[in-house]
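Chemist: Next come the chains, spelled out residue by residue.
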Amino acid sequence: MGLIEVGIAGVKALAVLLMVLNLSAILLWVERKGSALIQDRIGANRANILGIMPFNLGFINTLIADPLKLLTKEDVVPKGADKFLHFLAPFMAVFPVLVTFAAVPFGDQLVIGDTVINLQVADLDIGILYVLAMSSLAVYGVVLGGWASNSRWSLLGGIRGSAQMISYEIAMGLALIGVIMTFGTLDLQAIARAQGHHFFGVIPAWGIIYQPLGFLIFLIAGIAESKRVPFDLPEGESELISGYFTEYSGMKQAAFMLSDFAESVVVAGLATTLFFGAWQVPFLFRDGFHFPGGAIVALPHLLIVVMQILSFTIKVFVLCLFQILVRWTLPRYRYDQVMDLGWKYLLPLALANMLVTGVAIVLLG
Amino acid sequence: MLSQYIGVVITFALGAVIVLGMVSGSMIFGARSTSRRADKDEVFECGNPSSGPARGRFSVHFYLVAILFIVFDVEVVFMYPWAIVFRQLGVPGLVEMLTFVAILGFGLAYVWKRGALAWD
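Chain order of the listed sequences is E and L.
Residue 7 is where the first sequence starts when you use my numbering, and the numbers rise one by one after that.
Residue 14 is where the second sequence starts when you use my numbering, and the numbers rise one by one after that.
A portion of the hints provided could be inaccurate.
[As the list claims (entries may be wrong)] No farther apart than 25 Å at their CA atoms in a straight line, the calculated lysine to aspartate or glutamate pairs in the DMTMM-like style are these:
id, chain 1, residue 1, chain 2, residue 2
1, E, LYS39, E, ASP346
2, E, LYS79, L, ASP52
3, E, LYS75, E, GLU243
4, E, LYS79, L, ASP54
[Unchecked claim] Stretch-level coverage of chain L by chain E, calculated; a stretch enters the list once three of its residues show a Cβ under 8 Å from a Cβ in chain E:
id, stretch
5, 20-33
6, 91-104
Think of the hints as simulated: they come from the structure by calculation, not from any bench.
Ideal Cβ placement from N, Cα and C applies to all residues, glycine included.
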């Protein structure tokens, strides 16, 4: 490990972290505007910079005005709260979600001269295990936030959240086993590369073709893990005020909000990597497009890398949009329905999916 | 081998700095109230005076879920190495996993029948 390699790793890590944070902030705005669109409202459109912008750029709200406002709010810690845990909870809510992306590949390889840069912060052999381990740590943010606040609403939200998150973690873990059996590896970059060929020369061999049910279970469990509608029982505005972050103000509250969005980015990123061909562009190989029928369009290396990164970003963004669409379309479940869905439907379905995958692999060779 | 994890370490360090800066942001730049009102630090109970500490009893169902989670999540962990080498194992591997899942499924059916998964 030379100094240069460490530097490259640092740049990649910073880029990925900023990508998740920025995507979350943009999603916040997209969600406000999207919900307005769905509910026939106008949505955020008031923020302007000193009244000199020629038109109302709505996204100034969420990108500049809101963070500045939250930054200058008073930091209130309620009476009887555990001060250290009250501080630790928002940290534990965001940190594990952010670092999850270290194992997710966002491109193939960038070759500059003799240096080969793997477009992935850490090319782990156990990528999927790392991702699951990190994302399951996020439950501590919920539990600690609920416990430390010394508020009934927070405690209820925290307990609900923890039970829900651990329940869906089982279904999520089982849904991924089908994918691992199909590709025979835990390495996310290897899984991404394995999705590069085409069935009959035309259909991209993405994971969703092998594992449609696995994708469905993974997506539902992922939405439940990120505590978004229809699974937002831990927050449940109409019953628990804000659930586990009722007693938070300022940037700490913003951290909890951000963690929700960062979690949906992570779910979208994983779903893209495992089920939608990661950074693969259909018919694009390392030297250019190979269209069915034999037409070959050679492209420069740098353009191909940019197209791959763009492809990954667009897929992630579309899946995030889908989650927002789900959020503003479905009503909230009752708590018994949430637990039933996790334990009585998704868990047996995921087990069945695993066995069917096994039988299919044995039969088809 | 271990050099794989350099990226993880760097991400951890950068992520910790970013998140710590964010979480402590309001403590540093936030407003301070000059005249402290006694009820400002009161926990929120819809405007009513607080009815005592919040950390009381809660439903035993949540404990059951936690215990079931440990049981089933450990089973899932056993399946990961099996899933990786599944192609090499072939039919014997599938039969072994069928046995394992049958025992697991029996456990799930038992828990289900005894009403541990029922919420009312």
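Chemist: Which hints, by number, does the structure contradict?
Modeler: 1
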